[in-house]
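S.K.: Taking the hints into account, I'd like the entire structure generated from these sequences.
Chain order of the listed sequences is P and Z. Quick note: the first sequence, position 235, residue 235 per UniProt numbering, numbers continuous. Quick note: the second sequence, position 195, residue 195 per UniProt numbering, numbers continuous.
Certain hints may be false.
What the hints assert, rightly or not - Listed next, the in silico DSS-like pairs over lysine-lysine satisfying Cα-Cα at most 27 Å (straight line): (1) P:K258 <-> Z:K163; (2) Z:K279 <-> P:K279; (3) P:K279 <-> P:K258.
FYI, nobody ran anything at the bench for these hints, they're computed from the structure. What you are looking at is a predicted structure, and each value in this text was computed from that prediction instead of being measured.
Number of protein chains: 2
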Amino acid sequence: MKQASLYDRLHLTHPIIQAPMAGGISTPELTAAVSNNGCLGMIAAGYLDSKALLKQIKEVKKKTKNWFGVNVFVPNDYEIEDCALHTSKTLLEPIHESLQINQLDVSLPESKHDVANYHQLIDVIIQENVPVCTFTFGLPSSDLIRRLKEQDIVMIGTATTVKEAIEIERAGLDMVILQGSEAGGHRATFLHSEEEGLIGLMALIPQAIRLIKIPVIAAGGIMDGRGLMASRCLGAAAVQMGTAFLTCIESGASDIHKQAVTKATDSQTTLTSSFSGKKARGINNTFIRMMQKHENDLPVFPIQNALTKSIRTASSNQNNREFMSLWSGQSPMLANIQTAEELIERVMEEAEEIWNGI
Amino acid sequence: MKQASLYDRLHLTHPIIQAPMAGGISTPELTAAVSNNGCLGMIAAGYLDSKALLKQIKEVKKKTKNWFGVNVFVPNDYEIEDCALHTSKTLLEPIHESLQINQLDVSLPESKHDVANYHQLIDVIIQENVPVCTFTFGLPSSDLIRRLKEQDIVMIGTATTVKEAIEIERAGLDMVILQGSEAGGHRATFLHSEEEGLIGLMALIPQAIRLIKIPVIAAGGIMDGRGLMASRCLGAAAVQMGTAFLTCIESGASDIHKQAVTKATDSQTTLTSSFSGKKARGINNTFIRMMQKHENDLPVFPIQNALTKSIRTASSNQNNREFMSLWSGQSPMLANIQTAEELIERVMEEAEEIWNGI
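M.R.: Below, the structure is given as structure tokens:
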């Protein structure tokens, strides 16, 4: 078992990592509450600039003396395609009207700017001596890996297939998060098509652990002691939970998002790329259904994300769940509104019960 | 835990059920070998008539004194749509040519004939006093449930969502198989769209067991002791394994199918309805890729199944893996060519190791 070394390396009391949830869900309050309760809290820097990240790190440091981590998105090259842009604008226009949004010209993200921002985020992580850095959507460069290793920062990659897990180990990262098809939010797939990267954890973990040596962290649909113990049987040393923390009091998710999750059933989440240009799992709603047919004609990530931002914001402000991205994993029926402390206690108690009861 | 009662009720030494694999994969040799090794062997009657089923039951009874079961497909009403039929024939014609098949007029299945056949299969199960009957693609009628209950035949339904599991319990069935999105072969979904019924086991089991009391059998991607113990942690009393038995010596799968599975990786399976008219998971190949765009324009199950039969047979006979249905779950990297006895021993040994090692 790789459990002991992972506990030490991540300074954990419990084998639980809070999934970084970008767009304001992972608040400094949530990150610190998780870290203060023996788990690893995470800051989601995916959509932040270096200034905003620095601010969040300082806030978290004020609230906890324990370890926490930062997640970054590895930028991928992209170009703006006029045709896709036109399609998207045409489809979004009637939604702007119905939500009474005066959509001004959106300033579109630029690939080279994303890369520069990513390097600035890493600079902040090094400068602030953040002990753990996780990566989504790809691998950091060997230069970057060398810099982080020099600072003894724990590097964790995110894989959705066995091949991706092998590449993460080969690149020299310390651990790997295996994201199952059950997971809420964005798919981390980077070496395959999004369809090929949809492997359930029951299949993904036991296949991966036969071929890699670094510790595995299981992510996707895990929200209770049962999921925690099952993940450990499959070969994971720890779990990463997103949706379970999303409905916590300390999370920055809107009340309407939290309510949508706690009221949803297992069959009500779906995969869509219409919000951001990249496949992500959330609760089905009008926006997803309207856009479904056109999904493959829309701009890539993060351009589509920029284009839908005003819609998502207005929908949330108007308490209208039909045009928001209601990210959720496949276990919404296990969600509760509670504090992070209550959630962690409950999961650990249940894990022990399961263990003793089998 | 519902483990003890399930062991008794199914006369099991080990909590393993062999998945019924229609189309000649579940041979009497496989069924009997599984039952002779303390697990539950299954006859797949999905595509059989009553005469063929009777023959298989008699063969299995010659080879084992232990309990075994029969799986039936619950027939659903369907009609032949001329347009879909025309589309399918047009698309399949060039494949017939390339495989040098002289396709004569296929006699198409009829809904009312399927229903009559289903009732004849049940008659054989009762008459032969088969102790266990599992159902796929729907619920048996209350009349039928009453008849089987009178004979004390254990009835097991198949669910892909929490709602389906609840309906199976409500109808009075004794147990439920929860089929995760990881599973190979046909999706059992009957109350939802096929997309809605794709829940990973890590999410499906813990949500379902909170709302049902009957024992749960986990199915999908489970091929080793890790998967068995993980399923038990999640709340399942036993597991059903398909792909793991498909590559066994006693299975009737062609060598080319067995080889394709043992050589595949986790990301190489996909869902397709092009072979049968109903979504099923198998290893990606030329046929699936060629038909993908047209999937929604093809006839429903089992009409499309009848239309592709000659292609699947010819492809197999020609050792050409590109036009066969290479059903497989998402864990092909765990598959081995071995006897059923070796597989069962290995799984149980590993389960104990996992248990002691955590």
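S.K.: Now tell me if each hint is right for this structure.
M.R.: Hints and how they fare:
no.	hint	verdict
1	P:K258 <-> Z:K163	holds (22 Å)
2	Z:K279 <-> P:K279	holds (21 Å)
3	P:K279 <-> P:K258	holds (21 Å)
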